[in-house]
Structure formats: structure tokens, C-alpha cells
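Since the structure of chain A is provided, determine the placement of chain B with the ligands on it from the hints.
So the sequences go chain by chain: A and B. Read in order, the letters of the first sequence are residues 7 to 342 in the numbering used here. Read in order, the letters of the second sequence are residues 8 to 297 in the numbering used here.
Keep in mind the hints are simulated off the structure, nothing from the lab. There could be a bad hint or two in this list.
[As the list claims (entries may be wrong)] Straight-line Cα separation of at most 20 Å, DMTMM-like style, residue types lysine to aspartate or glutamate; simulated pairs: (1) B:K193 <-> A:D60; (2) A:K159 <-> B:E194; (3) A:K80 <-> B:E191; (4) A:K107 <-> B:E194; (5) A:K80 <-> B:E194; (6) A:K314 <-> A:D273; (7) A:K113 <-> A:E157; (8) B:K193 <-> A:E165; (9) B:K193 <-> A:E59.
[Stated by the list, open to error] If you only want the chain B side, here are some residues facing chain A, beta carbon under 7 Å, derived: (10) D136; (11) S197; (12) D199; (13) G200; (14) A203.
[Unchecked claim] Pair by pair, the computed Cβ-Cβ distance ranges are: (15) B:K15 <-> A:T282: 51 to 59 Å; (16) A:D171 <-> B:L188: 26 to 34 Å; (17) B:Q108 <-> A:E13: 32 to 40 Å; (18) B:I116 <-> A:I22: 29 to 37 Å; (19) A:P315 <-> B:A17: 50 to 58 Å; (20) A:V74 <-> B:G150: 51 to 59 Å.
Idealized CB from N, CA, C, for every residue including glycine.
Spelled out, the chains give:
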Amino acid sequence: MGKIVLEGVEKTFGAIKVIQNVNLTVDDGSFVVFVGPSGCGKSTLLRLIAGLEDVTAGKILIDGVDVVNTPPAKRGLSMVFQSYALYPHMSVRSNIGFGLKMAGRPKAEIDRKVEAAAATLNLTPYLDRRPRALSGGQRQRVAIGRAIVREPKAFLFDEPLSNLDAALRVQMRIEIARLQDTLGTTAIYVTHDQVEAMTMADKIVVLSAGRIEQVGSPLELYNKPDNLFVAGFIGSPKMNFIPGAAAGDPGAATIGIRPEHIAASRDSGTWSGTVTVAEHVGSDTFLYINAGPLGDLTVRSVGEMGVKPGDRIFMTPEPGRIHRFDPAGHAIVAAH
Amino acid sequence: MATQNTRKLARAMLTPSVVILFVWMIVPLVLTLWYSFQSYNLLNPVNNGWAGFSNYYYFLTDPSFTEAFVNTLVLTISVLAITVIGGIFLALLLDQHIVGQGIVRILVISPFFIMPTVAALVWKNMLMDPNYGIFAWLATRLGFAPIAWLQDYPLFSIILIVAWQWLPFATLIIFTALQSLDEERKEAASMDGAGAINLFFYIVLPHLARAITVVILIETIFLLGVFAEILVTTGGGPGFASTNIAYLVYHQALLDYDVGGASAGGVVAVILANIVAFFLVRIVGKNLDA
Ligand SMILES: Nc1ncnc2c1ncn2[C@@H]1O[C@H](COP(=O)(O)OP(=O)(O)OP(=O)(O)O)[C@@H](O)[C@H]1O
Ligand SMILES: [Mg+2]
Numbered sequence: 007m008g009k010i011v012l013e014g015v016e017k018t019f020g021a022i023k024v025i026q027n028v029n030l031t032v033d034d035g036s037f038v039v040f041v042g043p044s045g046c047g048k049s050t051l052l053r054l055i056a057g058l059e060d061v062t063a064g065k066i067l068i069d070g071v072d073v074v075n076t077p078p079a080k081r082g083l084s085m086v087f088q089s090y091a092l093y094p095h096m097s098v099r100s101n102i103g104f105g106l107k108m109a110g111r112p113k114a115e116i117d118r119k120v121e122a123a124a125a126t127l128n129l130t131p132y133l134d135r136r137p138r139a140l141s142g143g144q145r146q147r148v149a150i151g152r153a154i155v156r157e158p159k160a161f162l163f164d165e166p167l168s169n170l171d172a173a174l175r176v177q178m179r180i181e182i183a184r185l186q187d188t189l190g191t192t193a194i195y196v197t198h199d200q201v202e203a204m205t206m207a208d209k210i211v212v213l214s215a216g217r218i219e220q221v222g223s224p225l226e227l228y229n230k231p232d233n234l235f236v237a238g239f240i241g242s243p244k245m246n247f248i249p250g251a252a253a254g255d256p257g258a259a260t261i262g263i264r265p266e267h268i269a270a271s272r273d274s275g276t277w278s279g280t281v282t283v284a285e286h287v288g289s290d291t292f293l294y295i296n297a298g299p300l301g302d303l304t305v306r307s308v309g310e311m312g313v314k315p316g317d318r319i320f321m322t323p324e325p326g327r328i329h330r331f332d333p334a335g336h337a338i339v340a341a342h
Numbered sequence: 008m009a010t011q012n013t014r015k016l017a018r019a020m021l022t023p024s025v026v027i028l029f030v031w032m033i034v035p036l037v038l039t040l041w042y043s044f045q046s047y048n049l050l051n052p053v054n055n056g057w058a059g060f061s062n063y064y065y066f067l068t069d070p071s072f073t074e075a076f077v078n079t080l081v082l083t084i085s086v087l088a089i090t091v092i093g094g095i096f097l098a099l100l101l102d103q104h105i106v107g108q109g110i111v112r113i114l115v116i117s118p119f120f121i122m123p124t125v126a127a128l129v130w131k132n133m134l135m136d137p138n139y140g141i142f143a144w145l146a147t148r149l150g151f152a153p154i155a156w157l158q159d160y161p162l163f164s165i166i167l168i169v170a171w172q173w174l175p176f177a178t179l180i181i182f183t184a185l186q187s188l189d190e191e192r193k194e195a196a197s198m199d200g201a202g203a204i205n206l207f208f209y210i211v212l213p214h215l216a217r218a219i220t221v222v223i224l225i226e227t228i229f230l231l232g233v234f235a236e237i238l239v240t241t242g243g244g245p246g247f248a249s250t251n252i253a254y255l256v257y258h259q260a261l262l263d264y265d266v267g268g269a270s271a272g273g274v275v276a277v278i279l280a281n282i283v284a285f286f287l288v289r290i291v292g293k294n295l296d297a
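Only chain B is shown next, with the shape it has when bound in the complex:
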């Protein structure tokens, strides 16, 4: 994109997709905005009309909102941390020359192909169930009392499940970047006296910066809206202990039948996502135009 000419061409080529995406985005957004200022409860069809900011007021002052907000942040940041650090670690392992490399790689990638609901159900029933789950069996074998993961550590359990699903994605992206690292550059560094640890921090990690940025940006988009995993495992509970904002909006709309309130929640979620995106791009986005 260097010359006037290519820039003009690029704009022309981009226009159709930008227009479609804009319409695609703007219609639901405007509808949501509209409903968020209406009294609109499915259980009380008579009471409708202009509601002013009361939907927002109730949504934001509800204690469940604060809890869901904190949960959303904790969930997103923990999963990001686990997947990025775990992804780097796995990618470094996959980069070693071992027998059966191909099979190991496919195995590592496979969780990504499993639907969120299925993955969550497998974790809930096969692994975390306090009676017949594998974790419980392991605990009893080792002489501990089995833990009721989803009741006692609901948010932690969900973090674990979601991280398990996203780890392959992070690994794959980081692994690809790792493979594009020039062998001669590593050799030059080793001639310069860099040991394994210095090599990692001075040569490998800076090379991975861009890939890690991509992982963080893409995962954040999805992690802010984690829903299926919560629905099939804890249902947001106990109480609101594992409810995030996406789930809270669902809770309002379809369990409390409060469309107006849920729309207000949706708008709040969009604003929050934008704030997060703003800071993310500020912090890590500069790696992209390196």
C-alpha cells in the first residue's frame, strides 16, 4: 500500500464489504438501542412506551451487574493468560524434533474442532462430576475427598473449560510464527553467546510478538461473549458466581422476559467491549504495524 494508486484501488475494492458489514452491524444495533429505551416486558405487555434511562439505571445498579462485570474480566484475562503462556510452551515443544510429530500436532489441535456445548458437556459429565467424573476418581484414588468443581469453583471450572478450548488456537498461531523464525538468526544469537533463556527472551519472544497480539485480539472478541459453556454447565450459578455479562443479558431477556432491560444490557456490553478493544489496541496493537 505504498503509492497513491494502490491506495485508491484498495479503497475501491474494500467499499462493498465495508458497506455490507456496516448495514449488517447497524440494523441490530439500532434496534437494540431503540428497545433499550422502551418499557418492553413480555410478562407485562400493557406497560409499554418510552422508558427513558430507567432500563440502564436498573441494569447498572443491579448488584448482579457488578458481579457479572468482574466475572467477565476475570474469565477473559485468565483464559488469555493461560492460552498465551500455555500456547507458547506447547509451540516450543511442538517445534522440537520428536517421533510421531505429525500425530502429536493433530492431537494438540483437535479440541478446537469440538463444539463449545459438547466440550462443556464432556468436561461437566466425564471430568468434573463429583460422583463419576475422572477427577473425582483420581481424587479418591489418591485419598482425597472428591471436589464438586462446578458447585464449589464455578468460575474457575469455566475458565478451565474455555482455556482448554482456546489453547489449540493459540498454540497453532504461535507455532506457525515460531516456524517462520530464521534458523540462521538463532545460530547468530548462539554464536553471540545467547543461551537457551536469553535466546527465548531476546530472539524468539520478540519474533512471536505479532502472533501473540493476533491471538490476544481474536480471543478477546470471543471471550467477552462466552455463553454456551456457562449455559450447559453452571447456568451462571450458584447465584451469579459464574455469570458474565453476555449470560446476564440472556438471563434478563429469556428468564425474566425483560426485553427492554436486556437491550440496555446489550448496549452496555457493546460499550464495555469497545472500551476493552480501545485499550487492547493501544497496548498490544502497535505490534501489528511492526
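One chain only, chain A, in its complex shape:
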């Protein structure tokens, strides 16, 4: 069991409101990812749930019990820190078993659970080493091992992969997702890497300046962003925003179209412009186009496309893939 509900959670540091009126339900067993730009309050929100910071207002319910006055250890959650925060003077075995030892469990039980966790994480050969003698990926695994042995109600991850190189990050991402799936434990995962968010999450929470912008499944956020912020934040390269009037749609203040939903052609199309930069990454070509009154547009076309800067190019937006926004930046729902 591990259902976490936030009701009107607020946090201020001095005079600054870092978290503003957050309401959120994290279902038991789900994998929820917090994303948002740097400084938007992702870590703070996670630390509030963990109990490492006190809330200024609001309630945090874990399985229906308000825990705002419960110390971190009693909340039954475990956390994986960005710096791993391993205990350097203890062996891997003691690191993983520390929580159980503090809980006063018998030695035999601790050994059994530590060894089981180590086996799951391929750490068995390293059990008697110190963290200093491990690679980054192995340290990361120890930190995860420390989190899973306690059989918590939920895992909290704060950018656990940001210190790893790209290849290892992909591998650990898959491992964490698989582990969470096998254990069926609720997980809240903070990242600013949207690929991590899109691939791991059951539900993504997009935060901006301490507020929730939108909550939804990865594809919901991709296909139906509620507002300009989410539309611009989810997806890479970023969605193109065009003034409605210029795009021939006076009913919307802004329309948005993703680079992958524009077809580029050399001879005909709805819009036209001049290529300023062409990035060939092999599988795709990214074109940066100056489209006059429409502004600068990014277009992604599959495969190699022999265009050079300065070439004239035509573009056709994919119908039904156009997002329309009102002057306040909210999506206009009854769209195409």
C-alpha cells in the first residue's frame, strides 16, 4: 500500500513562496514523475513528502493518514538522493542494511534481505567493499538497494541518474522502471530530463514556479497540453508557436505545431521560408527555418534531406495536430 495525496500543500522559504497550493493524488503502485525547469520546486516538493522539510500549509496523506507532523523515518518512505549520500565508512552491506539495523531487526533477517537486494541489483560481488571503491553506476545501485530493503510504501527519487553518463543513464532508467514494476511499489521520481519522464512515467506532473501546470500520462501531455508552458516544455525539439493571425487562424492568439508534425518539401506547401541551419543527425534532419511573418520554425523530417542553409523550402502542417491557445495561454479545447 502506498497512496499519497497532497492537499493544498504550500511551502515558503522566508518571503518566497516556493510551492503554491499543490493538490495531487499518487495512486498506489504508480510511477509518477515530477518535471519542470530548474528551480521550479521539484526537489522541495519531494522533500516535503519525505518529511525533510516542514510544510507551511496543507496536508500530506499517506494511505489516508496525515503525516505532516510525522518525522521522516516514520513515514515509511525511502529516498534515493542525487549525490547517492552513501555512508563512506561502511561497507556496501552495512550501507544497504543500515535502515533495517536502525529499525532493530535481527541480524539474520538483515543479512537475508541485504543479500536478496544485492542479488537483484547485481551487487553481490561488491558487498564487502567501501563505496569509494565502486563506480558511479554501482554506487547508484547501492543507493537503490538501501531504498528497497526497507520495503517502503513508496520510493522517492531526486534526479538519481544525473551523475551518470548517457549510456549508463539509459540502462539504469530501464532497470529502475523494471524494478519498480516487479516490486509494485509506488514511486515518485524527480527529473528535468523529459526523455526520462516520458519513458518511465505512468503519470507526469509538470511543475513551473511552484505550481502544477498539468498532470497526465506522457501521451496526454504530448497530445493535449493544457497550456503554452506544458506545450513548450514537453517534446524535443520544442513545439513551434505561431501568432494565430499570421497563421490564418484569427480565433486563436497562438497556435502550436510540433516540428515532427510539419512536412517539409522542396516544391510546394502551405507555408514557405528559408533554411537557416540544417542539422543532420542521421536518422532525422532538423531544419531551422526563417518563415517571415510566421517567425522562426523548427521542422523535423525523417531520414536524410539534402538541404543547405539558404535553400527555399515549403512546409505543410499535419491536420489535426495543430494546438490552439487563447491570449492567456490556455488551450482552446474544441479544436480541430
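Quick look at chain B with the ligands alone, frame taken from chain A:
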């Protein structure tokens, strides 16, 4: 210092200082060794020449030597205990967020800037004097008879004075180490269910091990040779009750004018210091290459 190259470079860079230190050390040591085997008493210039081991024999069999030896150990170990435990305690307090933190820190450090002689005189005259010292005043206020600290508890008084002087050093080193403790590590431990006491023993204390080792090693070097504090307060007395080996050597050389005997004492002191250093490095030194 990982590769052949850096090791070679390190050796080359170290050589000049090692040579200078070696000469610096070896000249007095050889002279002391030489005198320790000579009959050389300033009151009796005629009687000189080779003395064999008689200087050592007299120094080591003198009952004052045993007393001074025990005093040296008691002084060193007590001061170490007080400063390390007190230093950890003060460092933990200083690490708390309080108003006027900066001023409190400077106040705590300040005894270290006071010369040993001055500190000892302040303690002797302002605090411990049985007639007009503050302790005596406090005692009379509370209805007790004032204590003549330096006469009745000479060694204890000196331990107190020396500990007071070294406490800031210990506090400062331990405090610095404490501040380098990663906040996330403490948070991880608190999520793991460690309360304040477990946090201290399992996380904070192991983190401080290296700093504590440094404090013990450095203080020991100085504490084995405490001198000024004894000279200005008790003069080693009453009898030899507060005489340590350093003071005993001085006593022989400049009060008894026995240069040969004092040199023998000096050599004995060096040997003892080396024995202590050997055991210290054995016991605590392993923390350093962690
Ligand atoms: N202890 C603190 N005191 C004052 N302000 C703080 C404190 N901790 C965080 N903040 C502020 O709160 C805001 C949110 O910080 P937080 O660490 O939650 O950001 P984040 O979303 O995790 O960013 P990042 O992606 O860079 O880790 C920031 O503006 C930060 O300056
Ligand atoms: Mg953060």
C-alpha cells in the same frame, strides 16, 4: 600520488626540506647525546670527562623521574580526553544555527591566541588564587571554604589550564570537519530511521575520525613538552607533584646546574616521546589513510 612520475616529482620536491629538517634535528640531538655521556656540572668544572652511563643511571633511578613520568602521562592523557570530548561537544553546539554565531565562534577560538605564560598567570592570579581569585570568591559566596588550587591540586590545576588552552584548537579542527559533513548524508540517515544518538555514533563520529586523529597527534607533540604553564604557576611543586619530564630536565640543568644529567634526561624524553608516537600512530594513525 598515483603514478611513477608524480611519485618521483614528489620525492624531488621534498628533498630540500627533508635535508634541512634533518640537519636541524641532528645537530642538537648529537650534542645532547654527547653531553649525556659526559660528566659536566657547572658547579664543578674540574670534574669532567667521560661518564659512561652514570648520568642515565642517576636520572632513571631518581624517584623524581618516576613521578615526573607518571605526571607527564596523566597530564597528556587527561588534556587529550578533555579537549577531544569537549571539542566535539563545542563543535556540535557551534554547528547549530543560533544568533550571534560569528561572535560566539571568535570567542571560542580566542584562548588559543593567548600566550601560555599569560594564560597561566591569568589562571593563577585571577581565577585560582585562594585569597582574591574568582573561584575563591565563588566558593565563599556559596558557603564553602576557598580551595588553594595550586597547592592542593597542582597537577589537576595544570591540566585545567592546559586543557583550556588547547580546547579551541580541538574545537576548531573538529568544527571544520563537522561542516564538511554532507547534509544529504545526514538526511539519508534520518530517512533510514537514525535518531540523534545513532546519527552521532554511526554517521557524525566516523566522519570526524580523521580530524580527531589530527588533534590527538598534534596535541600530543605539544603536551609531552608542557613547560611554561608549570614554570609560572607551581614551579613543579609542591615537591615534584606537578613536575613533568620536560620540567624535570630543566630542573636538572638550570637549578642543579647538571648539564650531563639534564642531557641524559633529554635523551630519555626523546626516547619516551618516540615510544608514545609509535603507539599513537599504531592506534589512531590508520585513520589518516582512510
Ligand atoms: N533552503 C532553502 N532556502 C531558501 N530557498 C530555497 C531553499 N531550498 C530551495 N529554495 C528555493 O526554492 C526554489 C525551488 O528549489 P528546488 O530545489 O525545489 O528546485 P528544483 O526544481 O529541484 O531545481 P533543480 O532542477 O535545479 O534541482 C528555488 O528557487 C530555490 O532557490
Ligand atoms: Mg532539485
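Verification of the hints:
{"no.": "1", "hint": "B:K193 <-> A:D60", "verdict": "holds (16 Å)"}
{"no.": "2", "hint": "A:K159 <-> B:E194", "verdict": "holds (18 Å)"}
{"no.": "3", "hint": "A:K80 <-> B:E191", "verdict": "holds (18 Å)"}
{"no.": "4", "hint": "A:K107 <-> B:E194", "verdict": "holds (17 Å)"}
{"no.": "5", "hint": "A:K80 <-> B:E194", "verdict": "holds (13 Å)"}
{"no.": "6", "hint": "A:K314 <-> A:D273", "verdict": "holds (15 Å)"}
{"no.": "7", "hint": "A:K113 <-> A:E157", "verdict": "holds (17 Å)"}
{"no.": "8", "hint": "B:K193 <-> A:E165", "verdict": "holds (18 Å)"}
{"no.": "9", "hint": "B:K193 <-> A:E59", "verdict": "holds (13 Å)"}
{"no.": "10", "hint": "D136", "verdict": "violated (48 Å)"}
{"no.": "11", "hint": "S197", "verdict": "holds (5 Å)"}
{"no.": "12", "hint": "D199", "verdict": "holds (4 Å)"}
{"no.": "13", "hint": "G200", "verdict": "holds (4 Å)"}
{"no.": "14", "hint": "A203", "verdict": "violated (11 Å)"}
{"no.": "15", "hint": "B:K15 <-> A:T282: 51 to 59 Å", "verdict": "holds (55 Å)"}
{"no.": "16", "hint": "A:D171 <-> B:L188: 26 to 34 Å", "verdict": "holds (28 Å)"}
{"no.": "17", "hint": "B:Q108 <-> A:E13: 32 to 40 Å", "verdict": "holds (37 Å)"}
{"no.": "18", "hint": "B:I116 <-> A:I22: 29 to 37 Å", "verdict": "holds (34 Å)"}
{"no.": "19", "hint": "A:P315 <-> B:A17: 50 to 58 Å", "verdict": "holds (54 Å)"}
{"no.": "20", "hint": "A:V74 <-> B:G150: 51 to 59 Å", "verdict": "holds (53 Å)"}
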